[in-house]
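Enquirer: Sequence:
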Amino acid sequence: MKTTLKAFCALLSEWLMQPDQWRLIVPVVMLVLNQSPSDTLGGVAPIIAMTGIRAMSPLDRIPIPAATKVTTLHDLLSWRNDDMAAMATALDKMHATVLDAATRKRKKNRERRSKKKVAEMAQFDVGDFVLYIDVWPISHSKLSVTWRGPAQVVCVRWRGLQAIEDSWEPAANLLEDIPTEFKRYVRSNKADPQIKAMAAALNVTQSLGGIVANLPFAEPLNPSQEGIQVFD
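Just so we're aligned: 217 in the numbering used here is position 209 of the sequence shown, and the numbers increase by one with no gaps anywhere.
Source of the hints: derived by calculation from the structure; they are not laboratory data.
Computed list of lysine-lysine pairs in DSS-like fashion (alpha-carbon distance at most 30 Å, straight line):
#1 Lys125 - Lys10
#2 Lys124 - Lys14
#3 Lys124 - Lys113
#4 Lys113 - Lys14
#5 Lys116 - Lys10
#6 Lys124 - Lys10
#7 Lys115 - Lys125
#8 Lys101 - Lys116
#9 Lys113 - Lys10
#10 Lys14 - Lys123
#11 Lys115 - Lys14
#12 Lys115 - Lys10
#13 Lys123 - Lys113
#14 Lys123 - Lys10
#15 Lys101 - Lys115
#16 Lys101 - Lys113
#17 Lys116 - Lys14
#18 Lys113 - Lys125
Being a predicted model, the structure only gives us computed values, none of them experimental.
From just these sequences and the hints, can you work out the full model?
Expert: The structure is reproduced here in structure tokens:
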């Protein structure tokens, strides 16, 4: 967050813009942060960690003369295949390094915080039922705190992302954000006792083939309706 605020302040000052115009430079800030080394990723830029593409540099605008090389299409395809194989190997090694660096940094931050007298680190594991807090700004000097729960913490692997992006999310949030996928997961794992308990706690037992509740989101979908809802 501090890095993001610094980027906004620097660009607003450089371009002589007012603070309330920050929305106009959001794409530029995203571009800068994605191309900049990240401490969380062990000094690797997010664009490199996600795609393997080399990060942009101010020196890219400086032309460097070079001799023209003549090659054949067969050689070009061969070089491209070799480069793709080498990049895949390099990405696997880099992701392992990034995951190790992020894990060590997270562990170090937790240990440093746990040493404070007033700090008490939460101890929970995947599948535990916990309470989570919502803080809503009421005024400039007061925050309204609402405890919600119990909610079950679930380890989520996001489709299309790497394992480093896995996160722990309350099951209630997943049901609210992706109800169709959540219910499909419940139906696919209905033999698991933990899944049954989670479904009962969230009142989605209709996904297990039981009695359907009289609620709009609880109505069973036929395959065509379910497919339509997935692509909405």
